[in-house]
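Each chain, written out:
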Amino acid sequence: MRVGLFIPCYINAAYPEVGIATFKLLEHLGVDIDYPLPQTCCGQPMANAGFETSALPLARRLDALFAPYERVVTPSASCAAFIRIHHPAILAGGDTGSRAKNQTEDEHPCHTHEKIVDLCEFLHDVLRVTALPGVFPHRVSIHNSCHGVRELRLSSASELNIPRYSKIAALLALVRGIDITEPERPDECCGFGGMFAVEVPAVSACMGREKVRRHLATGAEYITGADSSCLMHMQGIARREKLPARFIHVAQILASGL
Amino acid sequence: MKDNYPKAAARFLRDAERAKWHDDTLWMVRQKRDANARSIPEWEQLRHLASQIKTHTLLRLDHYLEQFADSAAANGITVHWAADAVEHNRLVLEILQSAGVKKLVKSKSMLAEECHLNPYLQAAGIEVVESDLGERILQLAGQPPSHIVMPAIHLTRQAVGKLFEEKLHTDPGNSDPTYLTRAARRHLRQHFLTADAAMTGANFCVADSGDVVVCTNEGNADMGVALAPLHVVSAGIEKVIPDAGALAVYTRLLARSATGQPVTAYTTHHRAPRPGCQMHVILVDNGRTDTLANPEHAQTLKCLRCGACMNTCPAYRHAGGYAYSYLIPGPIGMQLGMSRDPRAHAGDIPACSLCYSCNDACPAKVDLADQTYRWRQQLDSMHLASAPKKLISRVLRLLFTSPKLYENVLRLAPLVNRLPRFLVYNRLNAWGRDREMPPFAGESFTRAWKRGKVKASREKSK
Ligand code: SF4
Numbered sequence: 001m002r003v004g005l006f007i008p009c010y011i012n013a014a015y016p017e018v019g020i021a022t023f024k025l026l027e028h029l030g031v032d033i034d035y036p037l038p039q040t041c042c043g044q045p046m047a048n049a050g051f052e053t054s055a056l057p058l059a060r061r062l063d064a065l066f067a068p069y070e071r072v073v074t075p076s077a078s079c080a081a082f083i084r085i086h087h088p089a090i091l092a093g094g095d096t097g098s099r100a101k102n103q104t105e106d107e108h109p110c111h112t113h114e115k116i117v118d119l120c121e122f123l124h125d126v127l128r129v130t131a132l133p134g135v136f137p138h139r140v141s142i143h144n145s146c147h148g149v150r151e152l153r154l155s156s157a158s159e160l161n162i163p164r165y166s167k168i169a170a171l172l173a174l175v176r177g178i179d180i181t182e183p184e185r186p187d188e189c190c191g192f193g194g195m196f197a198v199e200v201p202a203v204s205a206c207m208g209r210e211k212v213r214r215h216l217a218t219g220a221e222y223i224t225g226a227d228s229s230c231l232m233h234m235q236g237i238a239r240r241e242k243l244p245a246r247f248i249h250v251a252q253i254l255a256s257g258l
Numbered sequence: 259m260k261d262n263y264p265k266a267a268a269r270f271l272r273d274a275e276r277a278k279w280h281d282d283t284l285w286m287v288r289q290k291r292d293a294n295a296r297s298i299p300e301w302e303q304l305r306h307l308a309s310q311i312k313t314h315t316l317l318r319l320d321h322y323l324e325q326f327a328d329s330a331a332a333n334g335i336t337v338h339w340a341a342d343a344v345e346h347n348r349l350v351l352e353i354l355q356s357a358g359v360k361k362l363v364k365s366k367s368m369l370a371e372e373c374h375l376n377p378y379l380q381a382a383g384i385e386v387v388e389s390d391l392g393e394r395i396l397q398l399a400g401q402p403p404s405h406i407v408m409p410a411i412h413l414t415r416q417a418v419g420k421l422f423e424e425k426l427h428t429d430p431g432n433s434d435p436t437y438l439t440r441a442a443r444r445h446l447r448q449h450f451l452t453a454d455a456a457m458t459g460a461n462f463c464v465a466d467s468g469d470v471v472v473c474t475n476e477g478n479a480d481m482g483v484a485l486a487p488l489h490v491v492s493a494g495i496e497k498v499i500p501d502a503g504a505l506a507v508y509t510r511l512l513a514r515s516a517t518g519q520p521v522t523a524y525t526t527h528h529r530a531p532r533p534g535c536q537m538h539v540i541l542v543d544n545g546r547t548d549t550l551a552n553p554e555h556a557q558t559l560k561c562l563r564c565g566a567c568m569n570t571c572p573a574y575r576h577a578g579g580y581a582y583s584y585l586i587p588g589p590i591g592m593q594l595g596m597s598r599d600p601r602a603h604a605g606d607i608p609a610c611s612l613c614y615s616c617n618d619a620c621p622a623k624v625d626l627a628d629q630t631y632r633w634r635q636q637l638d639s640m641h642l643a644s645a646p647k648k649l650i651s652r653v654l655r656l657l658f659t660s661p662k663l664y665e666n667v668l669r670l671a672p673l674v675n676r677l678p679r680f681l682v683y684n685r686l687n688a689w690g691r692d693r694e695m696p697p698f699a700g701e702s703f704t705r706a707w708k709r710g711k712v713k714a715s716r717e718k719s720k
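Chains Z and X, in that order, give the protein sequences. If you're matching positions, the first sequence starts at 1 in the working numbering and goes up one per residue. If you're matching positions, the second sequence starts at 259 in the working numbering and goes up one per residue.
If we strip away everything but chain Z, and leave its shape as in the complex, we get (with noise of 0.2 Å):
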């Protein structure tokens, strides 16, 4: 099977620790994996903002670029959730944003939304990883970023009434040494919301420092999520406040020791 490896823009500018954790944990599970060029952007931000428009012509050049690809792999659940539920809509260019809907006839046949997974997916559900190498002797505290739990389905809702499982703590219990918490409120919003972090200022920062002394409160060393943009914005807020938290990728406490 051969995987194209998608880098987010934000991961691919200030996390590449991230990508490049990413890319050594699944070489080290055998996986064929390229990173395909040039790639920039899903169009997220923009269609989240009101633009889809302006997320259309990104999701053509995806969708092209990673057509050689049987699987499309991202450490970053937003990302993954965008282009498999939004995608087909852009490029169907017909009403936007409905999800249930799928393109019918267009001239831009769309493929990447049925190959597109988030890593945790892909190493959870496609791989169904049962052992990793590493050892990380830390107690850390997991955050559910809300598209990861409620369009991924990476956990369970805690508004749901199903059966509790959480994908991202089956995958670090496979590391040694680990000591896994969550916060209070465990899949509350952290406040980031795209544009809506600089949009209402006001409201995204008090929920970020809310969930940022939550995260802390549990006695863990670090946070750690499948979404960099959401750590992005705690980690802004941590520092800012001067609170004595750290954060890091899922993709690298399971590469730990790669």
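One thing to keep in mind: the hints can contain errors.
Derived DSSO-like pairs: lysine-lysine, alpha-carbon spacing no greater than 30 Å straight-line [as the list claims (entries may be wrong)]:
| hint | chain 1 | residue 1 | chain 2 | residue 2 |
| --- | --- | --- | --- | --- |
| 1 | Z | LYS115 | X | LYS708 |
| 2 | X | LYS662 | X | LYS623 |
| 3 | X | LYS708 | X | LYS265 |
| 4 | X | LYS290 | X | LYS361 |
| 5 | X | LYS623 | X | LYS278 |
| 6 | Z | LYS242 | X | LYS278 |
| 7 | Z | LYS242 | X | LYS265 |
| 8 | Z | LYS115 | X | LYS623 |
| 9 | X | LYS713 | Z | LYS115 |
Some chain Z residues well away from chain X (every beta-carbon gap over 12 Å; in silico) [said to hold, decoys possible]:
| hint | residue |
| --- | --- |
| 10 | LYS24 |
| 11 | GLY177 |
| 12 | ASP179 |
| 13 | GLU221 |
| 14 | TYR222 |
| 15 | LEU258 |
Read the hints as simulated data drawn from the structure, not as lab findings. We treat Cβ as the ideally placed atom computed from N, Cα and C, and that holds for glycine.
Fit chain X with the ligand to the supplied structure of chain Z, relying on the hints for placement.
For chain X with the ligand alone, kept in the frame of chain Z given last:
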């Protein structure tokens, strides 16, 4: 004009202590809701059913409305139809005037709020007394509701104590909830005994029996109806449901979702006027058929008005109901306001981080967050999009569709880390107001890849 949501929310947050209390109080309600939802093994099936029954009913709304009207009429109820708020208010006034009503006791009705009924009746010389405790507090304070189920949630008990001191002459400084509730009850009892008519909303209109079902905790609606010779019901046309079987699904969901109780204290079926009395039901459209005709937003009509989407919404909990321009706040209020008048309520649309919690909390599975996302897409063509957001999106588009430019920007981005603070952190940088900028990497992933470093890092550790 009212401030838009971002400004109003910022103002609300300035009183940090009260803001925290608001957030904690509503979160507590959500936790009670969670505990109740978990106590029902078939909760998710119930939600699914609730959604399907509403969808079915809405698709055959004409049929069920006529069935309800016929059943109600057969039971001796006078049924009226109102196309809009103006017609609704005029009908209410006509009914009241022809019965010689001077004083009306009302129980909480969001529809009456929607139609601005109270000022209209008062201008016509009718005394209107809100009998729901929360609504009565607001009527005394001269304020609109800030939540649909707990309308006075923005007021602390101390504030209520002060208000009662002034209006009901309670003991100075006494804000004991039991004491205040007793004082309100004594005061309201006088009104119940002297009112000429009672008005209620409806939670459900059951088509096959003609029942109007009203769910309350205080019993005030029942008290009003039981004492007055005339009962007027205002109901939106989306309140109709097929039968008692459907009702059973909704009564199991409603109170659990709204306040985290297994059931409301009173679930009253008003089926017919009492002997010698009159009962009228006004079925109101007021824009609902337009919403029904709009496939992107028709699901709004499935709403039970439980308020769960507000309680779970972080943007609501951190801003309060008054931060929204429409009288119903939170995720459902944003949809209702926009369906009514996009121009007036587009300022509410930023109030969403797209966390999707509302969708999962909603007992009727209204696709709230998806609708917000869709409204955002529509703002630009209505010339209501925010100019800065549009500009940012254009710039991003340019950047992301020009790989060369993008790579150069990636290469230069780390310079931001070393700029003097005043250049990076200023009024133009909303991100930097409360947060530090992300630390741009010395070398982007793409560049590291091109230079073979990513693969090499793997080789090294082999
Ligand atoms: S949209 Fe759903 S959660 Fe919100 S008030 Fe209506 S029924 Fe309740």
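Comparing the hints with the structure gives:
Simply put, Z/LYS115 and X/LYS708 have alpha-carbon atoms about 25 Å apart, close enough for the 30 Å limit, and the pair holds. At roughly 45 Å between alpha-carbon atoms, X/LYS662 and X/LYS623 are farther apart than 30 Å, so this suggested pair is violated. Proposed proximity of X/LYS708 and X/LYS265 is contradicted: the alpha carbons are some 45 Å apart, above 30 Å. Taking the CA atoms of X/LYS290 and X/LYS361, the gap is about 38 Å. The hint is violated against a cut of 30 Å.
Note on X/LYS623 and X/LYS278: the hinted pairing holds, with a Cα-Cα distance of about 29 Å set against a maximum of 30 Å. Distance hint between Z/LYS242 and X/LYS278 is fulfilled; the C-alpha atoms sit about 21 Å from each other, no more than 30 Å. A hinted pair counts as satisfied when its Cα atoms are at most 30 Å apart, and Z/LYS242 with X/LYS265 qualifies at roughly 27 Å. Distance check on the hinted pair: Z/LYS115 and X/LYS623 sit about 28 Å apart at the alpha-carbon level, within 30 Å; holds.
With a C-alpha separation of about 24 Å, the suggested pair X/LYS713 and Z/LYS115 falls inside the 30 Å cut-off, and the hint holds. Separation of Z/LYS24 from chain X is inadequate, the least Cβ-Cβ distance of about 5 Å not exceeding the 12 Å criterion. Non-interface status of Z/GLY177 relative to chain X is upheld: no Cβ of that chain comes within 12 Å, the nearest being about 19 Å off. In this structure Z/ASP179 is separated from chain X by more than 12 Å, as the shortest Cβ-Cβ distance comes to about 25 Å.
Non-interface status of Z/GLU221 relative to chain X is upheld: no Cβ of that chain comes within 12 Å, the nearest being about 19 Å off. With a least beta-carbon separation of about 17 Å from chain X, Z/TYR222 lies farther than 12 Å from that chain, consistent with its non-interface assignment. Chain X draws Z/LEU258 into its interface by the beta-carbon criterion, the shortest separation being 5 Å against a cut-off of 12 Å.
Hint compliance for this structure: hints 2, 3, 4, 10, 15 are broken, all remaining hints hold.
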